[in-house]
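**Student:** Given the coordinates of chain C, work out where chain G should sit on it, guided by the hints.
Protein sequences appear in the order of chains C and G. Heads up: the first sequence is residues 15 to 572, going by the working numbering. Heads up: the second sequence is residues 6 to 322, going by the working numbering.
The set of hints was computed from the structure by calculation and includes no laboratory data. Only a predicted model underlies this, so the values are computations on that prediction, with no experimental measurement involved. Note that beta-carbon positions come from the ideal geometry of N, C-alpha and C, so glycine has one too. Where hints are given, some of them may not hold.
Residues on chain C that point at chain G, a partial pick, calculated with CB under 8 Å [what the hints assert, rightly or not]:
hint, residue
1, Pro416
2, Ser418
3, Lys423
4, Gly441
5, Glu444
6, Ala480
7, Ala482
8, Arg488
9, Thr490
10, Leu491
11, Arg492
12, Val495
13, Val551
Where chain C lies over chain G, by a calculated footprint (3+ residues, C-beta under 8 Å) [unchecked claim]:
hint, region
14, 105-116
15, 126-132
16, 136-149
17, 193-199
Here is what each chain is made of, one letter per residue.
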Amino acid sequence: MPFACIFVPNFTVAAVFRAEFELRARAVAIFEGKPPLEKVFAVNDNAGRAGIAPGMTKAQAELCSELTLYPRSLLQESAAHAALLDCAQSFSPCVEDAAADTAILDLAGMESLFGTLPEIAHDLFRCGADLGLDVNVSVASNPDAAMLAARGFPGVTVIPSGKEAECLGSLPIHVLFAAGSGNQQTKGKEKKSDQEKEAIRLLETLERWGVRDLRALAALPQVALSERLGQEGLRLQGLARGSASRTLVPVEAPAIFEEAVELEFPIVLLEPLAFLLNRLLEQICARLAVRALNTQELRLTLGLQNLTGVDPESDTVGIPGESDVSHGAAEAESPAQHFVSGRQRKFCRILRLPLPMLDPKLFLKLLQLDLNAHPPGAPITKIHLIAEPARPRSAQGGLFLPPSPEPEKLELTLARIARLVGEARVGSMELLDTHRAEGFRMRRFVPGTQPNLSRKTSEAAEDKPAVAALRMFRPTLRVTVTLENGELARVSCTKKKEVQGTVLWKAGPWRSSGDWWDREAWARDEWDIALQSTDGVVLYRLVHDLLGGGWFVEGTYD
Amino acid sequence: MSSAVFSTSAAQSRPFVFDGEEVIEVCPKASGEEFFGEARPPQRVVSESFLGAFKDSRLAGVTPASRLAVRLTPEMVSSGIAALDALTGGLPRGCLTEICGPASSGRTTLLLSALAAATGRGECCAVVDAGDALDPQCVADAGIELDRLLWVRCGEDTPQNNSMRKTGSDTENKNFFKSDSHDPEHRLEQLLRVTDLLLESGGFGLIALDLGDLPPQTTRRIPLTTWFRFRRAVEHTPTVLLAVERQSIAGSCSSLLIKLGSQAPGIRQLMTTQPAPTHAQLLTELKITAEIVRSRMERKPARSAEVIFSSKTAWAG
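This is chain C alone, in the form it adopts within the complex:
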């Protein structure tokens, strides 16, 4: 039964490189700790050649002028680990989360889907590269052999069945102990230190014996090794021979798609922000794509520079809390909602899409338009983006369906129109259950995909009178009405010169009122009047506000 292992060498640095692609060509050292006790945690090859090593203090590392120091970001490591699991899960449902930098997957039965084992290994390597990770991939007949090969050999390695000991023999002995340290992140510190001590003791013992590689360990007599090193020695020998066998512990990767980047210098302009957003969106969309998912909601949280003088340690910048989210969701039904934390240090925008989509360019444009309309108001120090996964939409196309706008294009068009005329002034109308004037509200335009079958589908128009339309004046025109013997005689309006003249004809009043139990009660009398204007006779709706007083022309029949 074949197994594959995906291993990310120098995981901490790889996680940073995944977010900051341009750092790859430079000497980079990752440091952690609180000032002034910051120490170098990991370095890349260029930094190693420059003499920088883990454990050095930040002050020592800063003596190297070519070195780029970057703080360790657990969020970026978490995102890189999630991407690693996504890569594995796109090939097999049975994936073991062996370590933060290692994933093992069961390839039984996958050859009929994805091709031969070497092809699968190369596809895994390519998929990792698409997700921004430089990975080692190996395929072997048991999980441990695959993991040792992935940790020891760069690139793609395929070990034929039965030749594990021969292939693994050239690996240095310390690979065995590196493989055992994979799960240490999740265990307690005491246990971790005990394991480390035991591993160091075993490694020193083997070196004293002159055992430098796995071939030498595999050749040791089994009984003698057991007498000296116990069961642990036998386990290590089994690993070195490639004969150890165990069952995978499959995990289901959580459907959390988030990316974050912390900025060394705060961003003030939206244009450089767009570059970073583009990178984050591409990474998230790549992860969603390998899981065959789309997204219907994007949540952007910006950490803002503290300009208020409040202690920065008192309020952590990070994932918005539940209270913040509920605050954002409680707003009106606008497509994007935002909130700012109580101390003005977090700024969040929620971009809701009518349908599941997966287009980073579209998302970037929508976020740009949204941030243009709602600027953060302070320099940005951190960007955190979360995509809520959703199943891709499935729609059956038809040759005879009426034309309909493409959802992606329509969303972008609506965002652009909203930028021109305002968010509240574009959409479809929804009538409210009231007789009050202007009893409607705007809501998001989401065209239905299926035609209403209850309507008559005949092309020919029916030979019946059309419905006379009323054109509204917004706001309504205040007019002066002259009464003669209690009857409407003349109307004049100072704001709109056309609306004046003698009343040729009138009908009314049509009396209505409502909401008398509420503070916003209304009562009005309506007349339909015909006035003589320069263009001819024009029909208007005249309204007398009984509560507020005053006469208004509400619209014209057209």
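**Tutor:** Then chain G, alone, in the frame of chain C:
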């Protein structure tokens, strides 16, 4: 079989071929003296070798008229009013249609009928409302499916546009419109930009531009190139582009121009016959007069024809 004509343009010495089968006259003279020296009757020259060489060298890029692609007649869709459909054949897809007329002439009634017919066919429609004049209650009463109608209400300005206007970063029409948010010119500017976006997006069955409340002196300032651009954008698409206005402003860019008449004669007649007509008598049967001023749907001179149809208020049943 028609006789062939082969002539030479005097201005550019450019040959025109109307039918390449026969050649009546060819003037292969090198100098003008021989041509003007003696008046000779047209001589039929049949020189296949010369003709072949001439065709090869000069006529390579000329397409005979007989091979020109014939512009297809656009598909017509119902306007929702049977009498008007009988007169015009409906509204053409992929073309610009203008509906013009004074206030209370029935422009909005016709617009709502067309929208109701389009949404009834399952199409998505858009109304770019320069005057923010659409009444949702009337829209619903007209039978329009509200879910399929995109309503863009021009008029208000956003802070970004204000800043853009101040910095002059927006190049389109920046010299053409200089106004604040409540001016007709500002509304017109928004309408044109929104229309561009909607046409670029595509997929709408009907896009209506409501310019009915804007004064003619403002709408006349729209450059003809804008209408030409709209016409080109909507060409070869299933979209009906409809413009509602007081006066015709698109010129030759509109394929169909319908002019609606004032209702003054009908109302006056009603008032003379019945000095105190009831409310129902007037608003239950408004007579609307429509006239075709221009139609490019048929290859014959435009004709002027009229039709009268009626409308009523929703409460009249």
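**Student:** Against each hint, give a clear statement of whether it holds in the structure.
**Tutor:** Going down the list of hints, with the structure as the test:
1. Pro416: Result: holds, 4 Å to nearest chain G Cβ.
2. Ser418: holds (5 Å)
3. Lys423: Holds, because the Cβ-Cβ distance from C:Lys423 to chain G comes to roughly 5 Å (cut-off 8 Å).
4. Gly441: Hint holds; C:Gly441 Cβ to chain G Cβ min 7 Å, cut 8 Å.
5. Glu444: At 7 Å from the nearest chain G Cβ, C:Glu444 passes the 8 Å test, so the hint holds.
6. Ala480: Result: holds, 4 Å to nearest chain G Cβ.
7. Ala482: Holds - the Cβ of C:Ala482 comes within 8 Å of chain G, reaching about 4 Å at its closest.
8. Arg488: holds (5 Å)
9. Thr490: violated (12 Å)
10. Leu491: violated (12 Å)
11. Arg492: Violated - the Cβ of C:Arg492 stays beyond 8 Å from chain G, reaching only about 16 Å at its closest.
12. Val495: At about 18 Å, which exceeds the 8 Å cut-off, the nearest Cβ of chain G leaves the hint on C:Val495 violated.
13. Val551: holds (4 Å)
14. 105-116: holds (count 10)
15. 126-132: holds (count 4)
16. 136-149: holds (count 13)
17. 193-199: holds (count 3)
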